[in-house]
Amino acid sequence: GAVVSQHPSWVICKSGTSVKIECRSLDFQATTMFWYRQFPKQSLMLMATSNEGSKATYEQGVEKDKFLINHASLTLSTLTVTSAHPEDSSFYICSAALIPGLAGAAPQIFGPGTRLTVT
Amino acid sequence: KNEVEQSPQNLTAQEGEFITINCSYSVGISALHWLQQHPGGGIVSLFMLSSGKKKHGRLIATINIQEKHSSLHITASHPRDSAVYICAVNTGNQFYFGTGTSLTVIP
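Residue numbers (our numbering), protein chains in the order written: chain F, 2 to 120; chain S, 6 to 112.
To be clear, the hints were calculated from the coordinates, so they are not data collected in a lab.
Cross-link-like lysine to aspartate or glutamate pairs, in silico, DMTMM-like; alpha carbons within 20 Å at most:
id, chain 1, residue 1, chain 2, residue 2
1, F, Lys-21, F, Asp-89
2, S, Lys-58, S, Glu-72
3, F, Lys-56, F, Glu-23
4, F, Lys-21, F, Glu-53
5, F, Lys-21, F, Asp-66
6, F, Lys-67, F, Glu-23
7, F, Lys-42, S, Glu-8
8, F, Lys-42, S, Glu-10
9, F, Lys-42, S, Asp-86
Model the full assembly from the supplied sequences, consistent with the hints where possible.
In structure tokens:
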């Protein structure tokens with residue numbers, strides 16, 4: 002079946018450094034991927050919509066210069082947290098739309114998540 | 006006001022019980038998703054609905070578009086069903102998430 006992987010599964014970094022998180026669709030092509038953030042005891046929050054070959058669409062309040070998204074191929078989207086601060090510590094999750102062109106109206110395959118801790 | 010409201014927030018059930026989790030939303034949607042999140046954080050998409058009813062094993066999801074309401078039912082609940090269940094709606098260009106229902110099934 003369709004699977005989405007994320008790498009790394011967890012990462013600890015120092016304040017001020019940048020961290021790149023990868024989201025890959027395995028066995029299917031994903032023209033649209035979504036990036037979410039989840040703080041402890043809270044629900045998911047959509048950060049941005051990543052579209053292959055074009056600029057990502059960011060949700061209100063999400064700094065595009067801080068959370069760089071690149072979707073350079075049909076199977077890979079990356080989220081780079083630049084100049085990370087302790088308040089960026091969170092669980093980052095991606096999902097890929099199973100049907101190209103339907104985005105959020107398509108069944109979603111979720112990645113296992115990446116736990117980021119900024120010290 | 007949240008665009009997606011779930012109830013209950015927490016639910017404890019005995020193994021074998023029939024469970025219902027409710028989701029109400031206030032926006033026009035193109036699809037509604039039911040997600041399951043286990044303690045480790047991994048999320049599984051259970052259902053995507055735009056109308057009617059879907060069934061997968063012991064899980065049943067229904068949606069009433071006119072009433073803007075969806076329910077997730079678990080029949081013959083089992084301890085491995087213990088997880089957080091999240092309702093999410095997609096409006097075409099926006100995703101809204103409920104705060105989740107934490108389910109604990111006791112043996």
